[in-house]
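Residues per chain are reported as follows:
There are 2 protein chains.
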Amino acid sequence: MAELETIQLSKFDIEEYLQDGDATVAACAEAKAVADEVNAEGYENIFLLGIGGTYDELDMVRYFMNKYSEVEVHLVNAAELNVLGHRRLKKNSLVVTASASGDTKEIVKAVDNLVAQGIRVVAFTRKETPLGQLATKVISAPVATGRCDFTYLLFDAFALRLLNLRGDFDRYDDFMAQTKNIFHDLVDIRIKFESRAEEIAHKFAHEPYTIFIASGALWGENVLFSMCVLEEMQWIRTRAVTSAEFFHGTLELVEPGVPVILTKGEDECRELDNRVEKFCHEYTDKFAVIDTAEFAIDGLDPEFRPLVSPMIAAATLHERLSKHYETETKHNLAYRRYYRQFSY
Amino acid sequence: MAELETIQLSKFDIEEYLQDGDATVAACAEAKAVADEVNAEGYENIFLLGIGGTYDELDMVRYFMNKYSEVEVHLVNAAELNVLGHRRLKKNSLVVTASASGDTKEIVKAVDNLVAQGIRVVAFTRKETPLGQLATKVISAPVATGRCDFTYLLFDAFALRLLNLRGDFDRYDDFMAQTKNIFHDLVDIRIKFESRAEEIAHKFAHEPYTIFIASGALWGENVLFSMCVLEEMQWIRTRAVTSAEFFHGTLELVEPGVPVILTKGEDECRELDNRVEKFCHEYTDKFAVIDTAEFAIDGLDPEFRPLVSPMIAAATLHERLSKHYETETKHNLAYRRYYRQFSY
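If you read the sequences in order, they're chains A and B. Letter 43 of the first sequence, counting from 1, is numbered 43 in UniProt numbering, and no numbers are missing. Letter 256 of the second sequence, counting from 1, is numbered 256 in UniProt numbering, and no numbers are missing.
Be aware that a few hints might be false.
Identical chains share a label here; the pair holds if one copy fits it or two copies do between them.
Here are the simulated DSS-like pairs of lysine-lysine, each with C-alpha atoms no more than 27 Å apart in a straight line [as the list claims (entries may be wrong)]:
1) K109 x K323
2) K67 x K90
3) K278 x K203
4) K109 x K192
Note that these hints are calculated values from the structure, not bench results.
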């Protein structure tokens, strides 16, 4: 961080990011307190409720709950829940949801129904939004930047605390202590990744179609980038596929010139990623690998790496690549022709 | 069926299909008997285990188990289970899997581990295959055609019987009685769909990319066609997306000329499909809808329609379209350059 004042990241205000990061770290205390309350009340099982980007963000919570705990957890899509319901969802279930805007239509409708049935909903959103008004308990992000790395730390502070209180994740305090400077590391990681982001965007942003592959804790971030950034904000065609499923169909598309970006993680699924890497290196010359293991988090125990890898993917694959795709395509990330522009 | 002898379906032997269909209906008794045995032993929860096409086929079992029952059910990918494990998977869990070849590497490895731990595995496969040798109980398909409509009826005979024995699906006998001639209906449906199949394939098979949308009970069949047929067997780029998620990213890609195929089902998610249909009719001229509701099953109660809609999608979207894509592209459906051709 010595060179901070001389380093520039395109379309990124380092000072503002670090202030927001400090505020996010401070807000973790509230997330922990809400987890303590919910645990004291007890719960039978957990429903993670999202749609689009929030569904993708919650996927890493599903990942680590299944990793550490026997707790029964379901990740459900809000629009589907609204029509299908779910018979495992009971009075004593705990529903966890999120919305930066606080007015995502499908989520607001779902939470309205849930609360009317007396089912608890913990929402990561601002209190004054429609979702904030409906939810049983609100965990407020201090800044509504839509940055996934901030969101993930708040999710961790809440959901890992739930596991801690069940006896499934003993080192909660260590994890929170070791990540209190993580946003400084994530600035360094952005700086380290910058030239690669530029290079990858230059090579891939003009392609009519790209295959995006990931697995385990990084799957959600992979879908988020390919769907919510490239499809929605750049109108670029993508195919997101897990490292496991890649070998049961999508592999046949690969040949020289076919663009593939693999984001390698650090959890149990890494061996599936390695298999994809080996295959793609052999059969396409248009291949990039973003490996979260290449980026250090100062003072972090190795056992916590799978938990922070989604934040690293959010900083690299997602945030930095977005900006450089935008520079290459000259297609403004903020522009939508349909989404939330009118009723459909 | 009066005109049967004069009608031709391209690359489809009606007589052979009906014989295989009769054999499949007869084999349902074995599926039911295995369900009776498993139920008598008891089980704590259910894991549906697949990869690629079998994962997609089992998705409709997950759908109707969640629809009718409180039973805890998880659909898991075999390659992921092999590296991640699953803490809800216990000694008294019931694992259900399938493999037409009986030698799918990831499934054989998973079942080997499961059986070694004393966990029961029911496999839909042939007894003499590696999977058949390992599994605790085998339900043999009388024909290994890889036809999903046959597979679905056997899955129904087994899994709906499990629900019936739990008290969650009272009309099991009615359902099985009303579907004993279903393969005759599915021939009629193929004949009725033939000119549309030809027309859709002619319009879409030469496109470099197509978006495939479905939801609910048809989601698995939609992925199966887009990934296991078009990607794997035709080397055509596709994007499969649920009707719910479509509105959170993919919609921004749609404009005149962008190819979209929606397969509409008959379950609770139909209203999500309707929303997609309305949107796509407005924003692209390259749009086809396959609606399972247009195809009659003689003597079937309306409440059973969502259960048979995957078979209708298998006959239309999948089987007939595959053949007509092949005719258009002149790319042999049986040819693979990588998949199962060598070790990777």
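What are the numbers of the hints the structure violates, in ascending order?
1, 4
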